[in-house]
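Chains A and B, in that order, are what the protein sequence lines are.
Using UniProt numbering, the first residue of the first sequence is number 1, and each one after it goes up by one.
Using UniProt numbering, the first residue of the second sequence is number 1, and each one after it goes up by one.
Calculated from the structure, these hints are not laboratory results.
All values reported here derive from a predicted model rather than from experimental measurement.
Every residue gets a Cβ at the ideal spot worked out from N, C-alpha and C, and that includes glycine.
Careful, some of the hints might be misleading.
[What the hints assert, rightly or not] Over the 12 Å line for every Cβ pair with chain B, so calculated as not near, a few chain A residues:
#, residue
1, Asn20
2, Pro89
3, Ser90
4, Ile107
5, Gly129
6, Leu153
7, Asp158
8, Lys185
9, Gly204
10, Ser212
11, Arg222
12, Pro244
13, Glu253
14, Glu264
15, Leu275
16, Glu276
[Said to hold, decoys possible] Here are the computed lysine-lysine pairs in the DSSO-like style, where the Cα-Cα straight-line distance is at most 30 Å:
#, chain 1, residue 1, chain 2, residue 2
17, A, Lys185, A, Lys21
18, A, Lys154, A, Lys21
19, A, Lys185, A, Lys235
20, A, Lys21, B, Lys97
21, A, Lys180, A, Lys154
22, A, Lys97, B, Lys21
23, B, Lys235, B, Lys185
24, B, Lys154, A, Lys154
25, B, Lys180, B, Lys21
Protein chains: 2
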Amino acid sequence: MLRIADGVHETPVMQSRLLNKHTGSHVFFKCEHLQRVGAFKARGALNAVLSLSDDEAANGVATHSSGNHGAALAMAAAQRGIPAHIVMPSNAPDVKKEAVAAYGGLIIECEPTQQARAAGLEQVLAGTGAHAVHPFLDSRVIAGQGTVALELLKQVPDLDVIAVPVGGGGLLSGTAIAAKHINPKIEVIAVEPEGADDAFRSFGLGELQGNSRVDTIADGLRTSLGELNFEIIRKHVDTIVAVPDALIVEAMELIWTRMKQVVEPSGAVSFAGLLEHPERFRGRRTGVVITGGNVDLGALPF
Amino acid sequence: MLRIADGVHETPVMQSRLLNKHTGSHVFFKCEHLQRVGAFKARGALNAVLSLSDDEAANGVATHSSGNHGAALAMAAAQRGIPAHIVMPSNAPDVKKEAVAAYGGLIIECEPTQQARAAGLEQVLAGTGAHAVHPFLDSRVIAGQGTVALELLKQVPDLDVIAVPVGGGGLLSGTAIAAKHINPKIEVIAVEPEGADDAFRSFGLGELQGNSRVDTIADGLRTSLGELNFEIIRKHVDTIVAVPDALIVEAMELIWTRMKQVVEPSGAVSFAGLLEHPERFRGRRTGVVITGGNVDLGALPF
Numbered sequence: 001m002l003r004i005a006d007g008v009h010e011t012p013v014m015q016s017r018l019l020n021k022h023t024g025s026h027v028f029f030k031c032e033h034l035q036r037v038g039a040f041k042a043r044g045a046l047n048a049v050l051s052l053s054d055d056e057a058a059n060g061v062a063t064h065s066s067g068n069h070g071a072a073l074a075m076a077a078a079q080r081g082i083p084a085h086i087v088m089p090s091n092a093p094d095v096k097k098e099a100v101a102a103y104g105g106l107i108i109e110c111e112p113t114q115q116a117r118a119a120g121l122e123q124v125l126a127g128t129g130a131h132a133v134h135p136f137l138d139s140r141v142i143a144g145q146g147t148v149a150l151e152l153l154k155q156v157p158d159l160d161v162i163a164v165p166v167g168g169g170g171l172l173s174g175t176a177i178a179a180k181h182i183n184p185k186i187e188v189i190a191v192e193p194e195g196a197d198d199a200f201r202s203f204g205l206g207e208l209q210g211n212s213r214v215d216t217i218a219d220g221l222r223t224s225l226g227e228l229n230f231e232i233i234r235k236h237v238d239t240i241v242a243v244p245d246a247l248i249v250e251a252m253e254l255i256w257t258r259m260k261q262v263v264e265p266s267g268a269v270s271f272a273g274l275l276e277h278p279e280r281f282r283g284r285r286t287g288v289v290i291t292g293g294n295v296d297l298g299a300l301p302f
Numbered sequence: 001m002l003r004i005a006d007g008v009h010e011t012p013v014m015q016s017r018l019l020n021k022h023t024g025s026h027v028f029f030k031c032e033h034l035q036r037v038g039a040f041k042a043r044g045a046l047n048a049v050l051s052l053s054d055d056e057a058a059n060g061v062a063t064h065s066s067g068n069h070g071a072a073l074a075m076a077a078a079q080r081g082i083p084a085h086i087v088m089p090s091n092a093p094d095v096k097k098e099a100v101a102a103y104g105g106l107i108i109e110c111e112p113t114q115q116a117r118a119a120g121l122e123q124v125l126a127g128t129g130a131h132a133v134h135p136f137l138d139s140r141v142i143a144g145q146g147t148v149a150l151e152l153l154k155q156v157p158d159l160d161v162i163a164v165p166v167g168g169g170g171l172l173s174g175t176a177i178a179a180k181h182i183n184p185k186i187e188v189i190a191v192e193p194e195g196a197d198d199a200f201r202s203f204g205l206g207e208l209q210g211n212s213r214v215d216t217i218a219d220g221l222r223t224s225l226g227e228l229n230f231e232i233i234r235k236h237v238d239t240i241v242a243v244p245d246a247l248i249v250e251a252m253e254l255i256w257t258r259m260k261q262v263v264e265p266s267g268a269v270s271f272a273g274l275l276e277h278p279e280r281f282r283g284r285r286t287g288v289v290i291t292g293g294n295v296d297l298g299a300l301p302f
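Chain A with its partners taken away, still in its complex shape (with noise of 0.2 Å):
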C-alpha cells in the first residue's frame, strides 16, 4: 500500500439508500472508476513499474492492452520517468488510444488477434530492452490490485462480503488474498459475465477452462483467467457466479440513474452479481467494487 500511496487516489466509498432499498443488502460501492486513469489498473501498474530495481526500469516497460492496463502502465512509466510501450491491436477504442497517448506512451499499432498482439509485443522488448508488466500475471500487479480490499476494509471494516468482477483474474486474486488476511471469515464472492464465463466453469470443475467464444458487453472481462491467478482464487474465493448481459445493463443503469456514476459494463458487473443472487447478500453488508467508468459516450447501451 505504501509504495503506490503517493501515486493512487484513496477512492471514496458510496451509499445509496435507493439501492440498499432495492436489493436488500446494506451495500458500500467502492469507487475506483473515481481512480486515475478512470480504473483500479493504475495501482497494479504502479506497483509493478515501482517494484522494478533501476537495471530493470533502464530501459523502460511495454505491454500489450487494448484497454485500461495501457494507460495505466503509460502513467505508472511517466511517474517514474521512463518510457512505456503499449502494443495495441488496431480496434482498440479510439478513447483508450488517447488516454495512453495523454500519460506520454508510445503507441505501437497491431493486427487485432491474440497472436499479433503477443508478436508485437516480443518485438518491442527485443528491440528496446523495455521489462514486460503483464495485466494479471504477475505478483507485483496482483499485490497492487490488492490494495483496492485493503482501503476499501479500512474505510469499512466490518462488511460481510465483497463482490469482484473476475476477467483475467488480477483483481479478484488479490482481492481474495487481500481480504482474507485481515478478515478470514469474510465471503468473497466473484462475478462474470455469462458470454466469457471460464472461471465460473473453471471454479466449478476445478481445473482451468478457456472461452470458445466470448460475447458480452462488459469488454474489460473478456480476457480468460491466468494461471497463476487460478491457483490463488481456489484456495481463497468462496463462489463465482456468473450473469447475463441484460443484467449487467440493467446494474449499470441503476447506478448511473441512482448515484450519478458513470461506470463502464464491466464496472458494474459486480452489482449485477447482487441483482442475480439478492439472496445471497440480503441483511448483510457488502463490498460492491466499481472497477472502472471508461465508456465511450457514443455508443451506450441506453
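Position chain B against the provided structure of chain A, taking the given hints into account.
Chain B alone, transformed into the frame defined by chain A:
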C-alpha cells in the same frame, strides 16, 4: 443550515487535475447532483416545509412543477409527514413523475401550459387548503438554496469566485446573499443558456425582461427570472454570462468522461461558463455548482 441539516446531504466537493489543466483554473465542483432527489432543490423545499407552523402545515403543501422542485417538495413533505400535491404538465418526463410518486407525492396532471399549471394549482389549493411553495419566489426557498454556498465555503474557505447557473433565480439569489455575507470580496458569476437569456438581458438593462421564446437543452433553466430574485441579484451578483447549447453539451461531456459524474444539462451550465470565458477564471480558485443529475438515459445529447 441547522434546520435542514438532518434532512439533506452535505454533498462532497470534487476536483479533477485534468479539468484544472483544461481550464487553467483551480476548480472545486460542489456536487449537488449527489444531493437527495438528485438536485439542490431538496434544500429549498425542505427549508420551506420545515419553516411552516403546524397550522400552515396541517393540510399539506402544493406546487406546480415539471422538474426537480416537485420531487423535492414531495420528499420534504414526506419527512414532515404531510401530503404534497404536485401539479405536473402531461408532457413532464416519466422519470420526473416517477420521482414525485416515489416520495409519496400526489400527482395532478394538467395541460402543458403555464396557464393550465397555474389554474391547476389554484384548484388544488382551493380544494385541499394546502400551503403553496413556489420553486423560487419564496424567501424560505431562497434561504435553503443559499446553504449550498454556506457549505461550499466551509469546505473550501478561500475561493475567489463562484459560478452558478440561473433560471428562476432561487439558487443564484441564495448563493449571492450567502457568499457575499461570508466574504464580500468573493465574485459571484451567474451563467445562463443563450436560449433563455432573460436574466442576462435583465441584468444588463437593469429592468426585468421576459423570454419571448425559449430554446435550450437545459430544461431546468427555461423558467424566467422572478421579481424578488432579480432584486437580490441586482444587488449582490457581479456578472451574468450567457453560453450556447453546444458548450453546455461540451461541459457535460467533460464532466461525464473526466470526472465520471452523471450531470444533467442544467447541471453543467456553470462549468460551460468557464469554457466560454476562461480568462475570468484563469489562475483563480473557482467554485462551480453542479446543480443536478436527473437525466433520461434514453435521450442523451452525445
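Hint by hint, here is what the structure shows:
Every CB of chain B is more than 12 Å from the CB of Asn20/A (nearest about 14 Å), matching its label as outside the interface. Residue placement check: Pro89/A keeps its beta carbon more than 12 Å from all beta carbons of chain B (closest about 22 Å). Distance check for Ser90/A against chain B: the nearest CB is about 23 Å away, which clears 12 Å, and the non-interface claim stands. Look at Ile107/A: its CB is around 20 Å from the nearest CB on chain B, clear of 12 Å, so calling it non-interface holds up.
The claim that Gly129/A lies off the interface holds: its Cβ sits roughly 32 Å from the closest Cβ of chain B, which is beyond the 12 Å cut-off. A cut-off of 12 Å between C-beta atoms confirms that Leu153/A is not in contact with chain B; the least separation is 22 Å. Listed as outside the interface, Asp158/A is consistent with that label: its C-beta sits roughly 23 Å from the nearest C-beta of chain B, beyond the 12 Å cut-off. Look at Lys185/A: its CB is around 32 Å from the nearest CB on chain B, clear of 12 Å, so calling it non-interface holds up.
The Cβ of Gly204/A sits about 35 Å from the closest Cβ of chain B, beyond the 12 Å cut-off, so the non-interface label holds. A cut-off of 12 Å between C-beta atoms confirms that Ser212/A is not in contact with chain B; the least separation is 34 Å. At the 12 Å boundary, the C-beta of Arg222/A stays outside the reach of chain B, the nearest C-beta of that chain being 22 Å off. For Pro244/A, the requirement that its beta carbon stay farther than 12 Å from each beta carbon of chain B is met, with the minimum near 19 Å.
Glu253/A, annotated as away from the interface, has a beta carbon of chain B within 12 Å; the closest lies near 6 Å. In this structure Glu264/A is not separated from chain B by more than 12 Å, as the shortest Cβ-Cβ distance comes to only about 9 Å. With a cut of 12 Å on Cβ distances, Leu275/A stays outside the contact zone with chain B, its closest approach being about 17 Å. At roughly 21 Å, the least C-beta separation between Glu276/A and chain B is larger than 12 Å, which holds for a residue marked as non-interface.
Distance hint between Lys185/A and Lys21/A is fulfilled; the C-alpha atoms sit about 25 Å from each other, no more than 30 Å. Proximity of Lys154/A to Lys21/A is assessed by CA-CA distance (about 25 Å); at most 30 Å being required, the pair is judged to hold. With a C-alpha separation of about 14 Å, the suggested pair Lys185/A and Lys235/A falls inside the 30 Å cut-off, and the hint holds. In summary, the hint linking Lys21/A to Lys97/B is supported, as the alpha carbons are separated by about 20 Å, within the 30 Å threshold.
Proximity of Lys180/A to Lys154/A is assessed by CA-CA distance (about 14 Å); at most 30 Å being required, the pair is judged to hold. For the hint pairing Lys97/A with Lys21/B, the CA-to-CA distance comes to about 20 Å; that is within 30 Å, so the pair holds. Distance restraint check for Lys235/B and Lys185/B: the Cα-Cα separation of roughly 14 Å lies within the 30 Å cut-off, and the hinted pair is therefore satisfied. This hinted pair checks out: Lys154/B and Lys154/A have alpha carbons roughly 27 Å apart, not beyond 30 Å.
Between the alpha carbons of Lys180/B and Lys21/B the distance comes to roughly 28 Å, so the proposed pair stays at or under 30 Å and holds.
When the structure is compared with the earlier hints, violations turn up for hints 13, 14 and for no others.
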